[in-house]
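Those sequence lines, one after another, are chains A and B. Position 194, counted from 1, in the first sequence is what our numbering calls 524; the numbers after and before it change by one each time, with no gaps. Position 120, counted from 1, in the second sequence is what our numbering calls 1112; the numbers after and before it change by one each time, with no gaps.
Any given hint might turn out to be false.
The calculated DSBU-like cross-link candidates involving lysine-lysine, where the alpha carbons are at most 35 angstroms apart (straight line), are [as the list claims (entries may be wrong)]:
{"no.": "1", "chain 1": "B", "residue 1": "K1160", "chain 2": "B", "residue 2": "K1198"}
{"no.": "2", "chain 1": "B", "residue 1": "K1130", "chain 2": "A", "residue 2": "K531"}
{"no.": "3", "chain 1": "A", "residue 1": "K399", "chain 2": "A", "residue 2": "K444"}
{"no.": "4", "chain 1": "B", "residue 1": "K1160", "chain 2": "A", "residue 2": "K485"}
{"no.": "5", "chain 1": "B", "residue 1": "K1110", "chain 2": "A", "residue 2": "K803"}
{"no.": "6", "chain 1": "A", "residue 1": "K401", "chain 2": "B", "residue 2": "K1119"}
{"no.": "7", "chain 1": "A", "residue 1": "K401", "chain 2": "B", "residue 2": "K1110"}
Going by beta-carbon spacing under 7 angstroms, a handful of chain A positions derived as facing chain B [what the hints assert, rightly or not]:
{"no.": "8", "residue": "R570"}
{"no.": "9", "residue": "L572"}
{"no.": "10", "residue": "K592"}
{"no.": "11", "residue": "F595"}
{"no.": "12", "residue": "S598"}
{"no.": "13", "residue": "Q611"}
{"no.": "14", "residue": "T701"}
{"no.": "15", "residue": "L713"}
{"no.": "16", "residue": "S727"}
{"no.": "17", "residue": "I731"}
{"no.": "18", "residue": "Q809"}
{"no.": "19", "residue": "I826"}
Rather than coming from a laboratory, the hints here were simulated on the basis of the structure. Bear in mind that the values here come from a model prediction, so they are computed numbers and not experimental data. Quick reminder that beta carbons are idealized off the backbone N, C-alpha and C, glycines included.
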Amino acid sequence: MNKVIAFPNQEADTLNHRKTNGLFLAIEAEKLNPYDLETISPSFMHWDNNMWILDLSFSTHYWLNEAKKKKLSLFQFLTSLCKQISNQDCFATFADDPWKALILTKSLKNKGIKAIINLSSEQGQNLFKHISWDVWFAACNALIEMKLSKHSLKKSQAHQYQRNLNLLKTYIERLVISTPQDFFAIDTNQIQRRFGPWILKVCEGSKLETSINNMKFSLEDHPFFPWYRYQIRELPQVNRYLEHPLNKWEFIEENLRSDLDKLRFLESFKEDDRIITMEWQVVLHDLEEVSIMIQFRHPYNLHKEAPHYRTALLQILHHFEGWKISYYKTNSHQNFITEPSIISWNISIDAQIQQTKTDYILFESNRDIETLKRIENRILSQLKSYDIYDSWVPEHSYIEIDNHSDGQQPKKQELSTVACHEAYRNRPLYLYQDPQKFEDFDHCYDWLFCERTMSPWWEENDSQNKLSRDYYKVIYQDQHLWSYRNDHGEWLIHGIFT
Amino acid sequence: MDALSQLKQTQSIKTANEIWRQSPAITCLYKPLNDFFDGGLQSGDLIEWGIPWGQECRELVLHFISGAHHRPHQNPFWCLWVDNRNTLEVYPPGWKARGVDLSYIRFATCIDPINELKAIFLEDFFKLIILDGFEHIKGEKCQFLAQMARQHRFIVFLLKDRILDSDKGNVWARRRLNVTFDHNRQQYKLIGIKGFSQKSIQIPMKDLGV
């Protein structure tokens, strides 16, 4: 089946929840309510009695925006949400991989440290380094049990894995290897030869320095961790079987509108639910199935838009047209290409978030912001907004609010705001994303020295990060350029006075 | 003197057009620039600028954005700046230092703004929309923009990276002008092509604080 992902150009990384480039939260607390967890992310799984793992990549985009507004980092913000749902009484870990989040949380519980830890912090890394073998083996055994119970592992395979784990146990006892992290430094070929490929995968995935992030595979295809999404209720969906194949949007739209209306009245879809992703699965006249994923930039209120559902229909239209273009391209070798006609479809809500608890955070009453969010849900291109950080280094002096990847705010320097702004006044309106090498400076005229910019040399230990630039305003081929000479005497164009 | 003029003189009657245009929606802080625009920018106008790239002429446009953000005793207007420059990115501190309030401006980069941002033109949220460097916006697309601007009373700046030709007009633009920069005299020259009562104006760069 073909999958068409929403907003494919600029925001695939931000919005495509199926990649493991996101964030996971493992949380262990007594009497956690799945409905409370749903307010943080619609995708989560139950591990054991009181342990839950949440895939935050579904909602990171929204929380990042809200955290930014409250001048908090993403982790500070999510920590406050965790405290709220667990009544301040939990063991929890944020990590870029569900397995790492799980074993660190189990380790916290083992040591009796009631805390919410971010694995990427120094404290998190220290704790991770000292995870004990007992915790690691217990988690591996639970992993095998989980796979067995979900029938994704044969009994014979499970026995094999258990045997290999026992072998490993004996091995580390003989060699007196104190922590798993010490063991993982051993040559991978040796691990595979002695204990099999599965143990190797788990060892690789438990290494502190391995970032599964960079591998960019689907969460469903994780090398060893099984993701079983907890279905809190039935998936809201509507099927339609058409009497005649349809290919004109005006007719499709009419039927879709009535289906969205049906969706609205389903028991599984409540009035305070806000849609994050929708899936429109269509069956074409040649029985080819196409799945169109529609992700909304901001949680979408279907009830509020009744009966016109303009936002949802506009997004479906954008993606339908995008799919049609790719359909014609792939069939361009045929002499006669017939327009694709649809004979049936299924429209379902893949991920939703409840308004109840997040009401005061996500669904604020500022009318301008509400309107802006509605508009952003309807357009194809992304609107960008920026904020300023006082820094002399031009590329560090601002951040793009929506796409600031890890939610950590850049370190703010103690600079005189007035002096900074005076410097900004003499800088251009546009910068090159990558400064361009500039060799033809003999043909420039009107050289004007602007400023000398240096990175905060008094703070950084790494000499590679230190920079010193002399900026000049020059005119080259009637263009007013902002160029600089770096430490190595190279000339680069950094910006343009437009 | 025609009948309407007589009536207006005696009974101070205003035509619908005069009521529509009686007070400018956006003004800037530099008076000669406002005067050149007959007091300021009027809601519903589509203004086509011939404004060569890389000559600091966009500083003048930023004066109007600053004006939209600093309206005395009134809420700021939301502004949208759309360009198609993929190798470049805006440098927000430069914009802020020129009086732009970054919380009331949004930026977008796209190839076909009418198609990609259509929903924006169908309502009046953004009061000043700047489309920078889109040569292909003409004919029907320009007509659509002009109609939407009139209907929803927002202002559209269509910035072209070249000097506009006075022979080839644009019926959908209420005003058309060229902006050039005289490097020797360090001054901007604004030449009205359509819709201006003054033919041209020269603005020293230092007067704008550049």
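Index of numbered hints that the structure contradicts, given in increasing order
Violated hints: 2, 4, 5, 8, 9, 10, 11, 12, 13 and 17; rest satisfied.
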